[in-house]
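Student: Same order as they appear, the protein sequences are chains L and S. Numbering of the first sequence is given in my numbering, commencing with residue 1 and proceeding in unit increments. Numbering of the second sequence is given in my numbering, commencing with residue 1 and proceeding in unit increments.
A couple of the hints might just be wrong.
Not the full set, but computed from the structure, chain S residues with beta-carbon under 10 Å of chain L [unchecked claim]:
no. : residue
1   : 71
2   : 143
3   : 361
Please keep in mind that the hints were generated in silico from the structure rather than gathered at the bench. C-beta atoms are modelled at their ideal positions from N, C-alpha and C, and glycine is treated no differently.
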Amino acid sequence: MIQIRQTFAPLALTVLLVTGCAKPPTEQIEAAEKAIKEAQQSGAATYTAEEYAKLEGTLAALKKEVGDQDVKFALFRDYGKAEQLAASAKADGERVKTEAAKKKEEAKAAALQAQQVAQESVKSTLDLVAKAPVGKDRAALEAIKNDVDALKASLNQVQTALDKEDYPAAQTQAKAIHDKSQAVSTEIQNALAKVGKGKPSSSKKK
Amino acid sequence: MAYGQRNRANVTWSICAILLAGCVQAVPPDLVTAIDAIDHDLIALRAPEAAPEEYAHFVRQWVLLKTRVQSDDDLIRWPWESNDLEDELRRLHDEGGSTVARLNDRQAFQRRTAESKLVRLEERLQLIESQVESINGRIVLGEKPVQFDLLIKQARSFFEQKDYERSIQAAESASHTLLAQTAVLTRELGRYTEDKRITHWQTMAKQTVEWSRVHQSTAIVVSKADRVLTLYKNGRKVLSYPVRLGFNGIREKQFQGDGATPEGRYRVTAKRGQGQTQFYRALALDYPNAQDRRRFELAKKSGRIASAKSIGGQIEIHGVENELMAQTLGCVMLDNPHMEALYERVSPGTPVTIVGALTGQNSVALALAQLEDRKEET
Numbered sequence: 001m002i003q004i005r006q007t008f009a010p011l012a013l014t015v016l017l018v019t020g021c022a023k024p025p026t027e028q029i030e031a032a033e034k035a036i037k038e039a040q041q042s043g044a045a046t047y048t049a050e051e052y053a054k055l056e057g058t059l060a061a062l063k064k065e066v067g068d069q070d071v072k073f074a075l076f077r078d079y080g081k082a083e084q085l086a087a088s089a090k091a092d093g094e095r096v097k098t099e100a101a102k103k104k105e106e107a108k109a110a111a112l113q114a115q116q117v118a119q120e121s122v123k124s125t126l127d128l129v130a131k132a133p134v135g136k137d138r139a140a141l142e143a144i145k146n147d148v149d150a151l152k153a154s155l156n157q158v159q160t161a162l163d164k165e166d167y168p169a170a171q172t173q174a175k176a177i178h179d180k181s182q183a184v185s186t187e188i189q190n191a192l193a194k195v196g197k198g199k200p201s202s203s204k205k206k
Numbered sequence: 001m002a003y004g005q006r007n008r009a010n011v012t013w014s015i016c017a018i019l020l021a022g023c024v025q026a027v028p029p030d031l032v033t034a035i036d037a038i039d040h041d042l043i044a045l046r047a048p049e050a051a052p053e054e055y056a057h058f059v060r061q062w063v064l065l066k067t068r069v070q071s072d073d074d075l076i077r078w079p080w081e082s083n084d085l086e087d088e089l090r091r092l093h094d095e096g097g098s099t100v101a102r103l104n105d106r107q108a109f110q111r112r113t114a115e116s117k118l119v120r121l122e123e124r125l126q127l128i129e130s131q132v133e134s135i136n137g138r139i140v141l142g143e144k145p146v147q148f149d150l151l152i153k154q155a156r157s158f159f160e161q162k163d164y165e166r167s168i169q170a171a172e173s174a175s176h177t178l179l180a181q182t183a184v185l186t187r188e189l190g191r192y193t194e195d196k197r198i199t200h201w202q203t204m205a206k207q208t209v210e211w212s213r214v215h216q217s218t219a220i221v222v223s224k225a226d227r228v229l230t231l232y233k234n235g236r237k238v239l240s241y242p243v244r245l246g247f248n249g250i251r252e253k254q255f256q257g258d259g260a261t262p263e264g265r266y267r268v269t270a271k272r273g274q275g276q277t278q279f280y281r282a283l284a285l286d287y288p289n290a291q292d293r294r295r296f297e298l299a300k301k302s303g304r305i306a307s308a309k310s311i312g313g314q315i316e317i318h319g320v321e322n323e324l325m326a327q328t329l330g331c332v333m334l335d336n337p338h339m340e341a342l343y344e345r346v347s348p349g350t351p352v353t354i355v356g357a358l359t360g361q362n363s364v365a366l367a368l369a370q371l372e373d374r375k376e377e378t
């Protein structure tokens with residue numbers, strides 16, 4: 001009986017030690033990392049920068065916590081805090097992903113709307129230029145044509161910013177184009193008023 | 001005896017109460033609140049974009065310490081016990097506070113930089129607009145004024161959104177466009193500042209006046225830069241009137257439809273009175289003359305002018321067709337009373353010399369000098 005006890009006691013202790021050792025929450029950490037990566041891909045670094053920075057902070061804290069536990073003697077390791085951090089990082093990551101995607105969509109919608117307003121504004125300016133008689137007050141009208149050409153070309157820059165998903169730049173560019181287009185329209189109206197109802201000049205060499 | 005026991009009990013309770021009162025929380029709540037406030041300040045200062053590394057460090061520490069704060073929340077300690085957590089929180093508070101101060105300074109500096117850049121650019125915009133307007137050179141700049149204007153507007157928008165970094169970027173792009181505008185003006189109109197060219201124009205004008213003197217006849221000299229027509233009779237100035245040129249008149253004429261007013265020696269080929277012209281009287285000129293044709297063919301051969309272009313013609317000195325109209329396509333236009341006075345004094349064959357400028361201090365040269373002088377200001 002004593003012999004049996006002597007044989008099984010170390011074995012039982014070994015089993016106890018092995019099963020008692022805590023393991024890092026690898027799967028939860030991976031899930032947290034995945035959630036943070038997805039948040040980043042949804043534009044969190046731009047549209048919810050502070051939240052994203054906090055996520056990265058949580059991930060760094062999580063890794064440090066795991067590292068701190070890893071260096072401890074096996075029996076004293078406790079990954080409870082790491083599990084908590086991983087769970088919180090995952091939940092926050094998913095929330096930030098949704099929030100960033102929403103804000104990005106809002107910024108995109110605002111930029112697209114500004115682009116549309118700018119396009120309409122440039123179009124109506126172009127229509128006004130087309131109405132202008134090829135009369136004698138050409139200096140103003142020729143300069144205005146240059147301006148409208150420049151506005152048309154600038155609309156391409158808005159599209160480039162949209163393609164790059166730089167919505168704040170696209171929106172400010174579009175707004176600037178709209179404002180300038182309005183100013184040019186006013187200038188055309190003034191030029192037209194100046195030309196009056198005088199009939200267009202006959203075509204001549206010059 | 002009973003009194004003594006009661007006294008001892010009281011003393012014991014008092015000591016316990018004093019000891020308990022001396023106990024402090026492991027984490028001072030005010031400190032946690034203060035760090036939270038710093039975090040908010042950092043966010044308001046756009047720290048994640050403005051100082052990403054510093055903010056990431058702050059956040060890492062804050063998340064770690066917050067976890068510890070939560071787990072040590074119920075603990076109390078003696079006042080004399082050392083408290084690592086509090087020390088670390090204080091360190092983070094100090095570090096965060098100094099980051100906030102630094103970012104505040106940086107933001108204030110960026111705001112000042114952006115603002116002064118914008119103000120300088122807007123001043124430059126006004127200057128260039130007025131100078132270009134004064135020499136009727138807006139068309140020379142093509143699309144550049146609009147590009148510049150759009151960039152300034154963008155810079156102003158970013159500034160109002162407190163995005164000073166992007167405001168400065170847009171202002172710098174505007175500044176480059178402005179330099180490009182000055183360069184275009186200098187390239188296109190630089191001939192108005194060239195001594196050799198001005199001497200040549202002066203010689204042309206002198207020869208015309210001399211011809212008038214020698215032939216006891218009338219002659220006309222037009223200076224494009226100063227937009228002045230002068231009539232000479234017997235070598236003496238008889239009258240001088242302001243004129244308007246083509247919509248691109250300040251340039252040298254190259255082809256039909258360019259809106260430029262030609263430079264050279266011409267003659268009045270015909271006088272057109274009422275009913276013979278759409279204008280209020282006109283003096284037809286012999287543009288293009290042989291020299292113009294030679295120049296045009298050379299330019300075509302060298303590729304400076306597209307082969308499909310024509311040389312143009314029917315350049316005149318004329319009055320106004322419609323009083324509301326202010327420009328011509330390349331001719332020289334006078335107000336009707338001035339045109340009438342000129343028309344009466346001029347006959348076919350009268351020489352008409354059109355030059356860029358008659359002095360080095362002409363309006364174009366002065367405008368270019370002003371723009372050049374203030375080029376570095378942006």
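Student: Each hint should be assessed against the structure and marked as holding or not.
Tutor: Results for each hint:
1. The closest approach between the C-beta of residue 71/S and any C-beta of chain L is roughly 7 Å, which is under the 10 Å cut-off, so the hint is satisfied.
2. The interface hint given for residue 143/S holds, since its Cβ lies 3 Å from the closest Cβ of chain L, which is under the 10 Å cut-off.
3. Restraint check, residue 361/S versus chain L: the minimum CB separation of about 24 Å is more than 10 Å; hint violated.
Going through the hint list in order, the structure does not satisfy hint 3, though it satisfies all others.
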